[in-house]
Amino acid sequence: MAVAAVRRLAATAPVPVFVARGGGTGLLPVELAFDARLRLVVSPRHATVLVAAGRFPGPLGVAVDRVHDQLPAPRGTLWWTADVDGDRPAALRDASVVTDADPVGSVVALHRDLCLGRIRSDAAVLADDPPNRFEGRGDHGQGGEGMMGGVPWGRPMAMTGDDRDGLALDRLPVVLGPFLPGFPNGLRVHAVLQGDVVQEAKLEVLDLGSGPRLDRLDPAAGGAQHDLRWLAEALRLAGLGALAVRAARLARAAPAPASRAALARLVRRSGLPAAWSGVGVIDGEDARARLVRRLDPSAPEGRSPGPSLERVAEVLVGQDWSDAVVTICSFDLPTDRAEAVIEAQA
Amino acid sequence: MTAQAEVWAAPLLTAGVLAAGAYVVAVLDAAVAAAVSGAGIGRSVLAGPLRRAALLVVQQPSATERPDAASWALAPALYAGLAAAGLAVIPWSASFSVADVEAGIVLWGTVESLAIVAIFLHGWSANTHQSLLAAYRFLAAGLSYLLLSMFVLIAAAIPAESLQLSRIVESQHGLWNVVRQPLGLPLFAVVALGSSTWGPLNLADGDDLSGGTTADVSGRPRLVWSGARAAMLTSFSAMAATVFLGGWQGPVLPGPAWVVLKTLVVLAALVASGHLFARVRTERFVTVCWLVLLPLAFLDLVIAGVEAL
Chain A
30 MAVAAVRRLA ATAPVPVFVA RGGGTGLLPV ELAFDARLRL VVSPRHATVL
80 VAAGRFPGPL GVAVDRVHDQ LPAPRGTLWW TADVDGDRPA ALRDASVVTD
130 ADPVGSVVAL HRDLCLGRIR SDAAVLADDP PNRFEGRGDH GQGGEGMMGG
180 VPWGRPMAMT GDDRDGLALD RLPVVLGPFL PGFPNGLRVH AVLQGDVVQE
230 AKLEVLDLGS GPRLDRLDPA AGGAQHDLRW LAEALRLAGL GALAVRAARL
280 ARAAPAPASR AALARLVRRS GLPAAWSGVG VIDGEDARAR LVRRLDPSAP
330 EGRSPGPSLE RVAEVLVGQD WSDAVVTICS FDLPTDRAEA VIEAQA
Chain B
11 MTAQAEVWAA PLLTAGVLAA GAYVVAVLDA AVAAAVSGAG IGRSVLAGPL
61 RRAALLVVQQ PSATERPDAA SWALAPALYA GLAAAGLAVI PWSASFSVAD
111 VEAGIVLWGT VESLAIVAIF LHGWSANTHQ SLLAAYRFLA AGLSYLLLSM
161 FVLIAAAIPA ESLQLSRIVE SQHGLWNVVR QPLGLPLFAV VALGSSTWGP
211 LNLADGDDLS GGTTADVSGR PRLVWSGARA AMLTSFSAMA ATVFLGGWQG
261 PVLPGPAWVV LKTLVVLAAL VASGHLFARV RTERFVTVCW LVLLPLAFLD
311 LVIAGVEAL
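Quick mapping for you: the protein sequence lines, in order, are chains A and B.
Per my numbering, residue 30 is the first one in the first sequence, and the count goes up by one each step.
Per my numbering, residue 11 is the first one in the second sequence, and the count goes up by one each step.
These aren't lab readings, by the way, just hints derived from the structure by calculation.
Please read all numbers here as calculations on a predicted model, not as lab measurements.
Using N, Cα and C, we set each Cβ at its ideal position, and we do this for glycine too.
Fair warning: there could be bad hints in the mix.
Claimed, not checked - Label pairs and their in silico Cβ distance ranges:
1. B:R61 to A:A119: 26 to 34 Å
2. B:A57 to A:S306: 40 to 48 Å
3. B:P192 to A:A138: 20 to 28 Å
4. A:P286 to B:G50: 32 to 40 Å
5. B:V189 to A:R245: 43 to 51 Å
6. B:I51 to A:A283: 20 to 28 Å
7. B:V189 to A:K231: 52 to 60 Å
8. A:A138 to B:A279: 38 to 46 Å
9. B:V298 to A:D114: 50 to 58 Å
10. B:V189 to A:M30: 52 to 60 Å
11. A:A303 to B:E171: 21 to 29 Å
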């Protein structure tokens with residue numbers, strides 16, 4: 030009885046949604062934040078509904094499967110796509126498909142049905158097996174040297190190595206991405222960390238496929254709209270979720286200059302530009318400058334093509350991981366852009 | 011019977027106040043978020059926290075690969091317990107506090123230092139990257155802000171000539187410490203935000219690290235952790251009200267009502283800061299802490315000492 034009452038209450042909660050952005054969506058899914066019936070969450074562990082937005086060919090599909098299995102039960106999946114004939118990874122095989130502009134209604138209904146037990150929670154799609162063979166190699170059978178190193182269960186363990194202060198500390202190889210907060214679509218970082226300092230970094234963009242797009246930016250207002258979506262993502266990263274919602278709402282409608290200016294004022298007062306100053310400098314421009322440029326509604330060209338992935342990787346070395354995330358986000362790397370496609374066609 | 015009732019009344023009162031405090035924090039947070047986002051404050055602000063809590067009750071707790079299971083389960087409980095221990099020393103009126111220990115300030119200091127352990131443990135024990143990275147950066151900040159608290163609280167104890175909180179409240183008769191030692195409250199607010207890992211000092215559970223120490227936590231453990239963070243913020247606000255805003259003292263209304271009112275004012279300010287100010291950068295915060303805030307805290311102590319002479 031009490032359990033049923035709790036389930037009914039849970040069914041009315043704002044739906045925690047984790048969005049995996051694939052190919053052909055750009056930053057469009059960021060706009061979902063505007064709707065009070067949803068809560069965009071930053072970890073799949075916090076979500077009941079996984080919204081897989083766009084195309085997921087090859088390795089990106091494997092990544093979606095992995096994220097899918099991290100959602101706690103009760104969980105469900107929606108595939109939001111303009112291309113229903115595209116690659117369909119295991120996690121999306123039984124998912125409901127939404128092709129229209131607004132998936133919110135479907136998300137809310139899915140959450141309600143899951144909480145009330147009307148439909149079954151998604152089963153895991155990956156086997157719970159170690160992806161790497163490692164047993165029996167090395168001193169302790171973990172595959173490395175001594176008590177360190179090796180790749181047990183597919184996770185590389187730390188080995189010692191020289192650091193910037195001349196000490197020999199643990200170096201941990203990690204692979205982060207592709208669906209992390211602030212990361213552009215399909216980006217994956219192969220990094221070696223000592224503590225939280227990046228020692229080596231390599232950036233990789235997974236194949237995003239090609240075909241019809243979900244985000245069709247108006248070429249006239251597209252730049253401003255994209256900047257607002259980017260701002261929503263950046264503000265969420267900085268812990269300013271409420272301002273991110275405001276930016277997402279502005280991105281949905283062609284905003285009056287006054288409301289954009291009001292948002293810019295709030296962002297300037299939040300101390301975010303100061304927090305980003307001196308971070309991720311390339312060609313004399315830091316993350317702060319890139320943020321401020323996009324805040325200004327009168328600036329015609331907020332966007333630039335962005336530096337190469339190799340140059341960004343160089344800048345990441347020596348930063349702590351939090352700064353590395355800010356750096357990556359601040360560049361707004363054009364991994365998957367509607368306007369890039371428009372330009373290519375023109 | 012009466013003696014037994016008294017034994018149970020104290021912990022029940024503390025737990026009740028903290029639970030109510032956590033709910034109020036969630037409501038205030040939703041209200042400020044609605045106002046800042048421009049959505050407008052609706053009735054959902056009141057029911058929202060209960061609905062979200064219900065969802066976490068229904069949700070399955072996450073498992074990770076080889077976690078330190080005991081620490082992972084104990085960290086939220088330790089954190090909540092610390093919030094309760096801290097609240098216990100708050101005097102509610104001239105004659106009543108749950109535990110008016112002689113060295114109340116020292117006990118509070120223990121709560122602050124152990125809170126750092128609980129938060130680090132929460133990030134460390136999941137055995138996952140993002141939560142450990144968040145725990146690292148929190149620790150760097152935590153070791154930096156902790157000294158501020160000791161200086162400003164000792165400064166508040168000087169005019170009272172006692173480490174006992176009831177005496178510190180009495181010493182503010184006629185002149186609150188917020189006026190006598192104007193640096194104290196803002197510096198203590200920094201410690202409050204850090205220890206509750208809230209708003210601009212939410213380094214442990216930040217969205218940029220996928221939720222930090224909570225990145226791999228779901229279901230009931232997450233509910234306990236979120237509740238404990240809000241409870242910690244409540245305890246800190248009550249402490250700020252007691253040490254800097256005259257505690258239970260005030261006209262007309264009874265003492266406990268003044269404590270509640272003043273606590274709510276501090277709470278509202280702290281919660282609002284979370285939506286108006288961006289998260290600090292760890293490296294810069296540590297620098298500012300040691301080079302600016304710590305000297306200011308020392309100055310606060312000197313001012314209190316000179317005044318006492």
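Broken hints, by number: 3, 4, 5, 11
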